[in-house]
Amino acid sequence: MPRPLLLSPDRLFPSDPAQRDIARRLYREVAGLPIVSPHGHTDPSWFAGNAPFGNAAELLLHPDHYVFRMLYSQGISLDALGIRNAAADPRESWRLFAQNYHLFRGTPSRMWMDWVFAEAFGFEVQFSAETSDLYYDRITEALATDAFRPRALFDRFGIEVIATTEGPLDTLEHHAVIRAANASGEWAGRVITAYRPDPVIDPEFEGFRDNLKRFSDLSGEDAFSYAGYLAAHRGRRAFFAEMGATSTDHGHPTAATADLSVAEAEALFDRVTGAEVSAADAELFRAHMLTVMAGMSLDDGLVMQIHPGAFRNHNRWLFTHYGRDKGADIPTATDYVHALRPLLGRYGNEAALTIILFTLDETSYARELAPLAGHYPALKLGPAWWFHDSPEGMRRFRSQMTETAGFYNTVGFNDDTRAFLSIPARHDVARRIDCGFLAGLVAEHRMEEWEAAELAADLSYNLAKAAYKL
Amino acid sequence: MPRPLLLSPDRLFPSDPAQRDIARRLYREVAGLPIVSPHGHTDPSWFAGNAPFGNAAELLLHPDHYVFRMLYSQGISLDALGIRNAAADPRESWRLFAQNYHLFRGTPSRMWMDWVFAEAFGFEVQFSAETSDLYYDRITEALATDAFRPRALFDRFGIEVIATTEGPLDTLEHHAVIRAANASGEWAGRVITAYRPDPVIDPEFEGFRDNLKRFSDLSGEDAFSYAGYLAAHRGRRAFFAEMGATSTDHGHPTAATADLSVAEAEALFDRVTGAEVSAADAELFRAHMLTVMAGMSLDDGLVMQIHPGAFRNHNRWLFTHYGRDKGADIPTATDYVHALRPLLGRYGNEAALTIILFTLDETSYARELAPLAGHYPALKLGPAWWFHDSPEGMRRFRSQMTETAGFYNTVGFNDDTRAFLSIPARHDVARRIDCGFLAGLVAEHRMEEWEAAELAADLSYNLAKAAYKL
Amino acid sequence: MPRPLLLSPDRLFPSDPAQRDIARRLYREVAGLPIVSPHGHTDPSWFAGNAPFGNAAELLLHPDHYVFRMLYSQGISLDALGIRNAAADPRESWRLFAQNYHLFRGTPSRMWMDWVFAEAFGFEVQFSAETSDLYYDRITEALATDAFRPRALFDRFGIEVIATTEGPLDTLEHHAVIRAANASGEWAGRVITAYRPDPVIDPEFEGFRDNLKRFSDLSGEDAFSYAGYLAAHRGRRAFFAEMGATSTDHGHPTAATADLSVAEAEALFDRVTGAEVSAADAELFRAHMLTVMAGMSLDDGLVMQIHPGAFRNHNRWLFTHYGRDKGADIPTATDYVHALRPLLGRYGNEAALTIILFTLDETSYARELAPLAGHYPALKLGPAWWFHDSPEGMRRFRSQMTETAGFYNTVGFNDDTRAFLSIPARHDVARRIDCGFLAGLVAEHRMEEWEAAELAADLSYNLAKAAYKL
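Residue numbers (the numbering used here), protein chains in the order written: chain H, 39 to 508; chain G, 39 to 508; chain W, 39 to 508.
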């Protein structure tokens, strides 16, 4: 007989009764706050077209590399899971997931999934081999109904605003449709974009020169001259801002920055747009462009996000056969102190500029990032990110950042996901963990409860709105 | 008056009553499971010859570098402790240990020792200056009895299987004696070996060229030609497997791997077997051989263990006067992401291969190892190792690994010790800590208790058997 | 209406009732122990001249870079805060602090300040915009009274001994005045110096050559010859020791050490005292001099402290306009294993030598420092330092250091501060956290309560006295 699926109202709160009682009180006041999602990877076409999602596997298994990488790590083939394999029977792929659901014990994917199953779909029995078909059928049926179309879910989830992420070569046509729907009163959902220029900033990006060609076409500038290239950025940034963007995003392999003279930059630009690009030039160009982008942010007001430190596509065979974003990006040790100095030397003292730093290297929390953000006016700290978007990851973030940077140099929560249905679950985890963390401070008499209550609302809602100008 | 020696039945459980109650229930079901010890350094001659151990100092002080390094760090001379000093009176050395037993407060050595004193020898008063002679005499007397001979202790400790570690130059004669005793019904204890080829793989190992000579003799191959050298490995691996080995072990200074062409490898082999070996060539050869060994493991099914990151013999004076393994090996920062890529590029997607990674650099847990093991089918994570084989070390391991790698990419506990009497204590610490960790997840409603109960048995017993093919 | 300001008697104790009860009992016995402050940055002229402190902003805001860096990080100008700006109205600067006091929630500055407000000044309402003037006036008035003069506060705080830090070019005239006051019976307070030779050891220190000139004058040696330079050190060390010093202190950018031959050292000395100094030579000279200083410590008995790993003056603009020590020093990743080997190879086995290591890189705690200090007789571990002098920082220190190094390779607490009024608060935090940590060990049956009680006194008082020979 299948076991009942129950989400405890006390989940993720400390079990110490004194702390738990405080956490409950704090959480009660923030649980229902709207969701502000200032950084993520949902697909704007969902909200533009509002077409129904497909079957259970298409929605919940195929796009979620957190999930299929774990199954793959235990020897289950990606083909069998239906990853880039249209021949796979989605019901069979779903069964593999169900049979191996125990692998996710102790992981955030398990918590997010259970929330989706219980709260979004109303299941009352646990997901397992035994209930695999029941789940597959009920989810697939639900997805065909209007209540599970993207806009209906957006509204039901209480999302106040969500940011997607697009490259400079994107025409933002889906955002245009959404804005038209907003203007006509057809739908009130606020979906904005963010400017992620890696494809035209990273000389090692696939098709860099082709990208510059298209960058020229779209911007009406000659993106093969340095001056034209900068003008193209300015133009596309302005266009993105018109379409609602309040931020840019930069996903470099390291946090390296540089601040070259115009002459040096022009010479470098010529080299990296040439036929052969050295790794050192590519790195230097990315580094220089971070500083350039910070300068443009100071001009146009877009908040700058830096997401460094992932070794992308670590598994060559997998990359060749299945492409990007298949769970084979691995964090590396990341220096910030030396790396950011050129940029900070130029713009770090600008209180009107906001640069939000993320890291995958937790050793930098207390050692580098908290001291940097606790000093430079331009810097703020992004939340625990990616592999660290988890209960223990968030606790390490708070316990290692707060004493030096305080809470007010942080910017609330980012869900950073393309798994749309998990968004409420992810924000709920963050709110519960923050309330639990604050409860610990109150229970140890390091803070008063009224202060913790203020902070709970700030961390759940206010700081994200303020930092991202939403 | 000496104080009573009491081992609390609740030791190492969380003190929060909700968590403690769950931990007690989980532990009750796994406390009595047999010990599976898949990696360690006990001496097979003990079980072959079954001779009585000597006196208290010989058994518990002289071989335990965890213990005498701490005494040495506080200014007590190794000579006085009887380390490589036959002239020292063992009773006097033992007294020094007793007088300074407070130095071990808060360390795992203290817990293991107290278990040995209370459970193995039945002491009811604490070890101290006052009880030093009582301890010395009672232990030394007990060791002369049949009940304290190696095989009797092995049986009494509930050891199902134990692996020792031998080099390729070892004839495994003690293992042969044990296997004969098994076959004749004289003794049922299962003692297997593991293949640790560092002495013939590391060109910087003492006597490398002499080792190769002996490697040739034992294998009947010409280990001074690259082809013969590889054949010699294959031969010795097969012999070790015949003698029960299910694994190999590799203790390199770094995790560097390389994947050279045959021509490159042959040229490198010629250089490292020549008169002068550069540090870079030595490192490259070790790196290449890890990949070669992985390939052989894929062929012969031996599980591959990699134990990198110790700076061996950091204290030159000590090494000169007292030799290896005297407490002066110090961990260093260790990169895995770049280092393992050549090997993983070659064999990482092989689900039939098992490579168990260890680290002394805890910063790699959440940043590198959990993402790698949570993706590559060939990788599993060894337990908290050496300095981290401790309550807090194990908690850090679980809290930093689990959310990304899950529990099922880990392999249970290794005691990794030559301190035979402490083996049950070490496994008991691991079981208690794991039960406490799981109890925390249950108490925070992140897992159900039936799942935790399954996991407690897996972490205590099943995973080690499965991962090491025991 | 302002909220009441209350310091809970249970603050910083674990909230688990079992642990809290033990912590209370442990703390009760150590709360009143005298303060031993073996390393800090108070100004000896305070205790020599005993002049009243100025107004609230001058005492509590302007010198405390922990405080104004946080305000600066949120866009408040240093000018407005009165930092290097005599034109600022101190009452207005104080109001900025008051209005933004919420920024310090969760930071140690908040706890220290609240202690100063409640315990030193007797406030019963919280500091806030509303109470800013009340605070300013009452503090400023109090400071004009005899009870708030430096010597009176020293006595009231129960300080047994405090060490200040001076460079070799300091004439120690204030210490001479204090010692005369001691001798005459005018005041019994024990204020000693410590020898911090960075200005004459670091070739990159501002005015290095001028410093050497003055070093020659003060010592009567020719500090521009290597032999004279060493003799000058010996002379100044002896003078410092006469004035009470029991220790030296070395604040290098890295932990690099070297052990050059006399000929090599002389050649290097010539280069670094020449017109142009390369970065590599500067680093090598600092490295060599650490080993030289260790040798002198072995001769004269001064305890050696090494405080490496801060990137000083990271913010160029700020340094240019506001100078050193303005909150822009940022920790960097710091290697100890390779860096210290030359020094330890020479002196590490000397049990008569004490070298106290500090770090700003917590990743070295369990990986490098605990194994090093748990082996080498000459090494001890300084407490959690600077950014890590905080409840969570101290907990990480204990939980990551203790299992390998034990408690007895640590040296108690350092307040390391120039914020004189916060000294009792800082020691109190350390005692509370240590008692809480010990209570956790007792509650988990990893230690008995009588042992924890001994350790609580050792960590609060005895270890500092012993390690620093006070």
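Hints are not guaranteed to be accurate.
If chains are identical, the list can't say which one is meant, so a pair holds when it fits in one copy or spans any two.
[Unchecked claim] Derived SDA-like pairs (lysine to any residue); straight-line CA-CA distance at most 20 Å:
| # | residue 1 | residue 2 |
| --- | --- | --- |
| 1 | Lys503 | Ala182 |
| 2 | Lys503 | Arg354 |
| 3 | Lys507 | Leu99 |
| 4 | Lys251 | Ala167 |
| 5 | Lys251 | Glu67 |
| 6 | Lys507 | Gly113 |
| 7 | Lys507 | Arg217 |
| 8 | Lys503 | His140 |
| 9 | Lys507 | Pro291 |
| 10 | Lys503 | Asp297 |
| 11 | Lys503 | Ala124 |
Hints were generated in silico from the structure; no laboratory data involved.
How the hints compare with the structure:
no., hint, in the structure
1, Lys503 with Ala182, "neither (34 Å within a copy, 46 Å between copies)"
2, Lys503 with Arg354, "neither (40 Å within a copy, 31 Å between copies)"
3, Lys507 with Leu99, "neither (34 Å within a copy, 31 Å between copies)"
4, Lys251 with Ala167, "neither (51 Å within a copy, 57 Å between copies)"
5, Lys251 with Glu67, "neither (51 Å within a copy, 66 Å between copies)"
6, Lys507 with Gly113, "between (45 Å within a copy, 16 Å between copies)"
7, Lys507 with Arg217, "within (18 Å within a copy, 60 Å between copies)"
8, Lys503 with His140, "between (37 Å within a copy, 19 Å between copies)"
9, Lys507 with Pro291, "neither (27 Å within a copy, 39 Å between copies)"
10, Lys503 with Asp297, "neither (30 Å within a copy, 50 Å between copies)"
11, Lys503 with Ala124, "neither (41 Å within a copy, 37 Å between copies)"
Figure legend: structure checked against the earlier numbered hints; hints not met, in rising order: 1, 2, 3, 4, 5, 9, 10, 11.
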